[in-house]
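Protein chains in written order, with the working numbering: chain E, 177 to 532; chain B, 51 to 364; chain F, 163 to 670.
Just so you know, the hints here were simulated from the structure itself, not pulled from any lab data. Backbone N, C-alpha and C define an ideal beta-carbon position, used for all residues, glycine too. Don't take every hint at face value.
[Said to hold, decoys possible] Computed list of lysine-lysine pairs in BS3-like fashion (alpha-carbon distance at most 27 Å, straight line):
id : chain 1 : residue 1 : chain 2 : residue 2
1  : F       : K297      : E       : K518
2  : F       : K184      : F       : K410
3  : B       : K345      : F       : K275
4  : F       : K460      : B       : K353
5  : B       : K219      : F       : K410
6  : B       : K296      : F       : K275
7  : E       : K259      : B       : K296
8  : E       : K416      : F       : K460
9  : B       : K217      : F       : K297
10 : B       : K345      : E       : K316
[Said to hold, decoys possible] If the Cβ cut is set under 10 Å, some of the chain F residues that face chain E in the computed set are:
id : residue
11 : G290
12 : S536
13 : K537
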Amino acid sequence: MSRISISKRKRSASAVADVLIRIGAIVGALLFIGIVLAIMGYDPINVYGKIIQTPFKRFGGVMNYTIMLTTLSLGIAIAFRMKFWNIGAEGQFYMGAFGAAAVALSMGDLPPIVLLPLMFIAGFICGGIWAVIPALIKAKFQASETLVTLMMNYIAIAFISYLQYGPWKDPAALGAAKVPNFSENAVLPEVLGVHSGWIIMLVLVVIMTIVLKYTKFGYQVDVIGESETTAKYAGMNTVKIMIIAVIISGGLCGLAGFMQASAVEKSITDSMSAGLGFTAVITAWLAKLKPPVILVASFGFSILLQSGNSLQLMKIPSSITEIMQGVIIFFVLASEFFINYKITWHGKNSGAKEAA
Amino acid sequence: MDIIEQIGLFLQSAVQTGTPILFAIVGGILCEKVGHMNLGVEGMMLMGAALGFTVACATGNPLLAMLAAGGAGAAGALIYAFITVTLRGNQVVTGLVLTIFGTGVSGLIGSFVSDKQIPQTVREAFSPMEIPLLSDIPILGDALFSQDIYVWLGLIIAILAYFYLNKTKLGLYVRAIGENPGAADASGINVTMHKYINILIGGFLCGLGGAYLSTAFLTTWQDNVTAGAGWIAVALIIFSTWNPLKAIFAAYLFGMLRGLNYKMQGWEIQIPSQLLTMLPYIATIVVLIFIAMRKKKENQPPKALGESYFREER
Amino acid sequence: MSQPYITLNNITKSFDSVYANKDISIDVCKGEILALLGENGSGKSTLVNMLSGIYKPDSGTITIDGKEMSFSSPADAIKAGIGMVHQHFKLVDVMTASENIVLGHIKHLTTSKKRMAHHVEKLNKKYGLNVEPDKKIYNMSVSEKQAVEIMKVFYRGANVLILDEPTAVLTPQEITALFDILRKMKQQGCTIIIITHKMAEVMEISDRVTVLRKGECIGTVKTSETTPQQLTEMMVGKAVELEIERPKCCDYTSKPLLTVNSITKTNTDGVNVLNNVSFNLYGGEILGVAGIAGSGQKELCEIIAGLVKATTGSITFDGEVITGLSPRAIIKKGISMSFVPEDRLGMGLVSGMSITNNVILKSYNRNPGPFIDSKFAKKLAEQIVNDFNIYTPSVNYTVKKLSGGNIQKVLLGREIWLSPKVLITAYPVRGLDIGASYNIYHLLNEQKKKGVAVLFIGEDLDVLKSISDRLMVIHDGEIVDIVDPDSVTKEDIGLMMVGEHIRKESAQ
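I would like the entire structure built from these sequences, with the hints used as guidance.
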């Protein structure tokens, strides 16, 4: 009789095996999707070709997504490292956009050198406040932050929607519910063909790498994530550290909102996030919460997001890209099993017989 | 129209608005009771909506449409169950991905049927039926006894789910799994099987809820037809403290809130509708704080919610 | 000897290519109590978990009543009549006793409170137990929970009972009651396997003893034909000196280093988990603390360390009141606390991090500026690994992958490196084998000789009696007495642990 046994790996699989398994999963997913596409009557090589060409043909569009996703994922990552399950990036993004817009709309005459930093700060603060509310609720009442941050998303979206249809409605838009466009001064300038948010993004990646890896604060965040009781025991003020980390988390998501509002929308709408606040949870997880990897994962995802438009030109429904995102992550999720668990096959062993 | 009739009609539409969400809440409760938080409700609803619509158009058979919708939701749930139960993957990520995936699948299916219309047979089957005599009772007659089959089904399913979870041995087993899968396993309960069954039934119900929106409310396909109903359901699962009977209340209350939203536009009171939209979410946060404060052990989320179970864990 | 009822034949089981059991063969007869003896980590729990269907053996066979079995789940084992009381109870907290008891084995489609309670009452009568059917598990004491676990086994009609460390959490009196039940079951023809590492209990209850060491079966002997010394040798592999040294180096006429003054702690339910606790701790002594698990040990540690605020009362250290100071300020004063909870890694260590990141846990903040001094961290880790003979491939190795003894050494090493004046240590040898335990006792005695005041919260009364200069017994958050460990018997301590005052002769 042969038996298969599954055991949790005590020693994790080697780093190389780890990466290989993941790449294998992604390749497997692409093959799988390719077969499905072929069955459906599309030419998979053509589809993949279009997707691969996307970053060259529509670099700006891909970068817009990358800037949003990376910044959101960085925000999510610092909270997740602390095991503070912030899935409220979406709401923090909108509140950040709101903060930036409030500044842009009320002080649009200020020169860009003053106005943009003010918008930056407002975006950070508003996003931070939106994240710190669930953190305070957690600290005070021990209510699950996963659920509270999730709820806060919808409150934020409804709030933006309220502004758009109510007090901030542009009277010049002839009845259409739309927030007025920002003044020129409130728009992030382009650098090398892409809005300058990419510089902010790269700086943030560097800063977050250093903060998480080399500072006492990053160490404290990791210790709290591993065990809050140990952190307290070591004399850390866990509530204070948690609040600061969550403000940074929400603040970063707010910055993503500021950049999108300022550079891309040049205004705000109640659908400007396109659900990326949730996608960012996936990219952050995919990157194992490591800032440099987040950049790579976000770029990859952005190609998929952007290529939806090119596919539509080929008369292929753009929803294919959503399905592809889903299938790829499903495969990666499944592959995690082989990284975390070890499957052993015990060959025929002496004297063992099949029980009746 | 006199005021009584107005109230009756208002409640009638509130119940209808609440019904798809009721399906999803009950489905979500079944899933969370075995310890699995499924953020893929929206995705499963959309898959059910799309396939239900397609089959309704293709066959004109209302029953087949419902089965297909439930089947689509259950298929989504099967992916989720395989990854989170068998492969012990991260539940939050899997759920979120399921929503993205489901949106994509629904969009793809929808792109094939965008020019189709729900056939008359299906439309009739899903239109409100007046129950003789009972439907003449003021207010209640309109609110409860002039409703379509989905409304009734939703009510029955919620009551059955309550009975199943709280009065049957399987329900006791299920609750034990959600609280302490190790204890349930050591008692000889087949943890994996119960998890699969509940997650799949949950997915089936979510699919049905989605199909109600696409086949009974509308006659042509509309992309993203659920418009966030799945997320409201995720909120209301908590609002109803994992109790299917309270879920009825939660869903209908939400329906009234939505209805109020429209009504208000004709009234003199001017509360912006978006602020009313916030209410269920704010209420859910308040409930979360409240149950956390009261610390009553019975109202807490299932203790093993979100954790994978591995028997040979050491 | 009659035909064995259960036979385990050449059982092998490995976890991630480390053998937990290697070629183990044992047999047990009907109406027999077999003790499985072995140190922590010798593979006892793994072995019985295979008999109860939790683990699957990699190879080897299990035969029950002449039939070969292959358990793929606990359900299979239950069907074969095997009942197991796990070391960490497998109970659903929010459910009642009766719901837990019938769980998995309800014959009717619906549940009925009355029917369930009826079953429980019947079993109460039959076995002389006292389980309240409608009491919620979260309201129960440890021994009540154990009674529920045992009744679960009875309810399923098991004729094989396996108990994994059943006495670890019980008082001597409760142990006596448990053993009475076991003898009753034995008379009724049940087969019983009991895991323990307490020699006295093995000698008292078992018919035969099987000794395991490092995953291998060393041998099986009749209890009546062996001695504790022989068993210990089998267990440890060499003759060991069971004496713990106790150097006298405390001057009780000097001022106490730490004074705990009328500390009361009321928890959120309004219960006093500590009630008017007062004692002195002197430099150069080990003050042992004995008590049933959950009698306030954890709270006492946390209050001294500043993690939790006392409701009333004060603590003075070296003449200065420290109540109300932050945990960090208290660490800086030289009071070091290491609490080893049941899972060993919960408080004190960050299991997922490297040794380096663990040793700096209390000193990462010593340099100014926002950055971690990584050079210092590496040096410190290397020094501690060196000084305490920690066996590890590198200082960057993740702590949870180390063996139990090495993990504990990392913890104590870090605390001792801080050269504390007061060392509070709770359950420092939990989960360690004898050799590693003695290492730890030695380290504590070294500290004591340096004049450190040591508060030692322990479980094993034999150890507490031998290592402590004075022994404080607590019950239900109150100090029952502080006694000279040489003037009391273990039974006396047991009685005090349940709140009876036996004043013979008080220590200083």
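Hint by hint, here is what the structure shows:
Simply put, K297 (chain F) and K518 (chain E) have alpha-carbon atoms about 41 Å apart, too far for the 27 Å limit, and the pair is violated. Our distance criterion of 27 Å between C-alpha atoms is broken by K184 (chain F) and K410 (chain F), whose separation comes to about 45 Å. Between the alpha carbons of K345 (chain B) and K275 (chain F) the distance comes to roughly 24 Å, so the proposed pair stays at or under 27 Å and holds. Between K460 (chain F) and K353 (chain B) the alpha-carbon distance is near 23 Å, which keeps this suggested pair within the 27 Å criterion.
Distance check on the hinted pair: K219 (chain B) and K410 (chain F) sit about 62 Å apart at the alpha-carbon level, beyond 27 Å; violated. With a C-alpha separation of about 23 Å, the suggested pairing of K296 (chain B) with K275 (chain F) holds against the 27 Å cut-off. The straight-line distance between the Cα atoms of K259 (chain E) and K296 (chain B) is roughly 31 Å, outside the 27 Å bound, and the hint therefore fails. Among the hinted pairs, K416 (chain E) with K460 (chain F) is consistent with the structure: their alpha-carbon atoms are about 24 Å apart, no more than 27 Å.
At roughly 19 Å between alpha-carbon atoms, K217 (chain B) and K297 (chain F) fall within 27 Å of each other, so this suggested pair holds. As the CA atoms of K345 (chain B) and K316 (chain E) are separated by approximately 13 Å, the hinted pair is consistent with the 27 Å bound. Checking G290 (chain F) against chain E by beta carbon gives a least distance of about 37 Å; that is not within 10 Å, so the hint is violated. The beta carbon of S536 (chain F) is positioned within 10 Å of a beta carbon in chain E (closest approach about 8 Å), and the interface hint is therefore held.
Hint on K537 (chain F) is violated. Least Cβ distance to chain E is approximately 12 Å, over the 10 Å limit.
Violation of the numbered hints given earlier is confined to hints 1, 2, 5, 7, 11 and 13; the remaining hints are satisfied by the structure.
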